Amino acid sequence: MAILPPGVSAADFARALQEFETAVGKEWVFTNQEDIHPYRDYFSMLKDQDDELVPSAAVSPASVEQVQAVVRTANRYKVPLYAISTGKNFAYGGPDLKRMNRILEVDDRRHCALVEPGVSYMDLYRHIEERGLKVMIDTADVGWGGLMGNALDRGLGYTLGPYRDHISAHYGMEVVLPDGELMRTGMGALPGSRAWLDYKHGYGPDPSGLFAQGNYGIVVKMGFRLMPRPEHWRTGLITVPRRADFIPLVDTVNYLTDLFVIGEPLYTSPLQPLLSDPTFHKAAVAFDEPEMDRIAAANNRHSWQVELQFYGSEKSTLANWEWAKELILRAVPGANCFDGDSLKVPVTQAQIDETQNPYPAPYASVMRRNVMHGVPKLYMWRSPGRTDNDPNSWNETHIGLFSVVARSGEAVFQAQKDFADVVRRSRPGEEYAAAALIAPLQWHQFGFFIGNSFFGTATRNDNSPEGKIRQLKELREVLKMNAQAGYGDYRAPPLLQDDVAEQYSFNNHALRRFNETLKDAIDPNGILSPGRGGIWPEAHRGNRGGLRK
Amino acid sequence: MAMSVWGLVGLAADANGESTPQLARFMPLIATKVIVDTRFDHALEIALEAATPGARIIPLPRDVFELWYDQLVPKQAIAPQAFAGVTTEHGFFTLRTLAADHRLRVLHVAEHAARRGGEPLVSWVIGAASTSA
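Protein chains in written order, with this note's numbering: chain P, 1 to 549; chain S, 1 to 133.
You can trust all of the hints, since none of them are fake.
Per the computed footprint, the stretches of chain S lying under chain P, defined by three or more beta-carbons under 8 Å from a beta-carbon of chain P, are: (1) 60–66; (2) 92–104.
Label pairs and their calculated CB-CB ranges: (3) R103(S) - H127(P): 16 to 26 Å; (4) T52(S) - L182(P): 47 to 57 Å; (5) Q356(P) - D41(S): 24 to 34 Å; (6) R154(P) - P120(S): 30 to 40 Å; (7) D179(P) - T52(S): 47 to 57 Å.
FYI, nobody ran anything at the bench for these hints, they're computed from the structure.
Here the structure is a predicted model, which is why all the values come from computation and not from measurement.
Glycine is no exception: its CB is placed at the ideal position from the N, C-alpha and C atoms.
Excised from the complex, chain P in its bound form:
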């Protein structure tokens, strides 16, 4: 027998299921264990334990009207729903929108698309390729994910800034509200508008931001800006010798980024292999900059590298690369600049698969060409090794902690020290030597993300139920310590949403109180994704933090 949703009687749940079947067809309402198995989180830290989040049932509507009917039924019986787009987030069942998979429009002159929730990156990529359209997508690592679901969880990509921040690239939404009403945002609110995908704000307050990491409605259509296909793609590598050179390096790359000259820059430290040298290890633990610089120089390695990518024509990318070199040499006279790839676009499959390093040792490219060219793949799924029968590496991937850090070299250095301190406090006697070499991720145009990889890898061999719970508790403490040091995470799985929301507590949680006031007004029965984003409707507010063991 399925587990009943909280506060719903068996009789009411049975009636609700019956109405769902009437709305979407019996074969698209899933209640037996085999059918709802995919809606569990295969990699949950609480897998097969009493507190694991499990769905009571799943329903898969195929149209907006069916979504509306499902929502109205849910309201009638107060059955909470948790909407998913393509169903590849592997957590929490609910309305599964993957049957709504129409690509409604792709315009390669205005550079935009309108899609339904079930459209995956691969679906849109193939649609564009089959028609020879002159636009490209910005894909997530794992190409079976949906554009809409990823954007609504504030997922990010790899190309130019305005496109790789997927929620910022959205232009217009159609939303089923908790009472079943249909609403459009932006120019879509104007009946007969032909500019829905051209101006996202419309007139007056734009509520579209409420639907990202929120629970105010089910988005059933969404517009996206698409990057026009460039003629050429070029890469180059810059290295800087001293640790302190990272500060002007970031300043220079910020300048190029904010002039929209480069796509995602990829920072890393070529000093990682030196951590196995006890002398360097000791210097790294102590953040002993002169000693780290001395050992780096003795090993003929520069301290930092950043790989740049340019989209444009052959001439413009070359001119921009030459300009980037000029800027960095002006800021850091000892920098090295190495030419990378120079490829006509569209690139071939063979070029995407090419793995030869274009740079001289010990420097290496860290670019994955497929995502830089908007070509969805699944191989990334293989690298973390996550399968439902082999969840051993669960904490290497999406459970990782990624804190938002200010986009400057000084802020990165401070974060390195703060994260090392979190490790010391969390694990007395242990040191996080690699902290001194953590490089920021610039998935977002204007902000850095830094992961505290210590907690993502150091404990992964303990996969016993007790070990997982211990790690879950530790992650929760780490989130608290991060917040105390001024760092907040940008994303969280359902199990940690309350913990991350707890970080954003300015003025006695004024933001959360505002969000929940809205929630109660819009969704009085609290049927849509209670708890998502840390926002609990009144009917379920007592469950806040209840997912803790």
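Assemble the complex: chain P is given as a structure, and chain S must be docked to it using the hints.
Okay, now just chain S, sitting in the frame of chain P:
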């Protein structure tokens, strides 16, 4: 007869990793395409032992997207055909997840111990729930 994966999960190999008649009995009936992780010699051995004579052996590519869209479940297919495989858990997971979008189910799965330094493998059949077996 429709089969549930959960009723069939189990070791279909002895301690030496030799497949049992269970697999040989099952795979030939419905699957004419067999996806094989050819990085492992024993994957091919298991597949050849179990598959229908004439079944098409398809090497599992590094990335399964093209295989999925172009060969296993092309857009024009009215009713996706059953297919089988001998792969690692990773490959199996990816394909069964894609298959679930089309209401295809795992009809059979069996584990095979590692041989000659390779990884443990699984043999499996994915098809419509109503596929006869």
